[in-house]
Amino acid sequence: MYALIYDEHDLANAKKYVLSVHKKRETAEKALEGRKKEMGRSIQECNTRIVWIEKTVKAGDNVQPGEYDTWRSGEEVPHGEMYSDTD
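Residue numbers for the sequence shown follow this note's numbering, so the first one is 52 and each next one is one higher.
None of these hints come from the bench; they were simulated from the model. Check before you lean on any hint, since a few could be wrong.
As the list claims (entries may be wrong) - Here are the simulated EDC-like pairs of lysine to aspartate or glutamate, each with C-alpha atoms no more than 20 angstroms apart in a straight line:
hint, residue 1, residue 2
1, K75, E127
2, K106, E89
3, K66, D112
4, K66, E126
5, K74, E118
6, K81, E126
7, K87, E77
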């Protein structure tokens, strides 16, 4: 399942809070856009991202690294997501 997680990219706090859970990436993307509009910020400023989680979770749970991935196994990764934006 796909989930929106709150991620401040703080290495000292590896747990990530699950904001919502979705069966499809498309609905997770709509939820992310809605959060962005609701907060009046960019996606990066919302500290929110979409991840794939194998185990059953619900909104309000915490997940740790190793329990989620950015992309589902076998999912086609958009070309722009395959390379870092930095030099």
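Evaluation of the provided hints:
The suggested pairing of K75 with E127 holds, with an alpha-carbon distance near 14 angstroms, which does not exceed 20 angstroms. For the hint linking K106 to E89, the alpha-carbon distance of about 29 angstroms lies beyond 20 angstroms, and the restraint is violated. This hinted pair checks out: K66 and D112 have alpha carbons roughly 10 angstroms apart, not beyond 20 angstroms. For a cut-off of 20 angstroms, the pair hint linking K66 to E126 is broken: about 25 angstroms separates their Cα positions.
Between K74 and E118, the direct Cα distance comes to roughly 17 angstroms. Compliance with the 20 angstroms bound is thereby established for this hinted pair. Simply put, K81 and E126 have alpha-carbon atoms about 18 angstroms apart, close enough for the 20 angstroms limit, and the pair holds. Taking the CA atoms of K87 and E77, the gap is about 15 angstroms. The hint holds against a cut of 20 angstroms.
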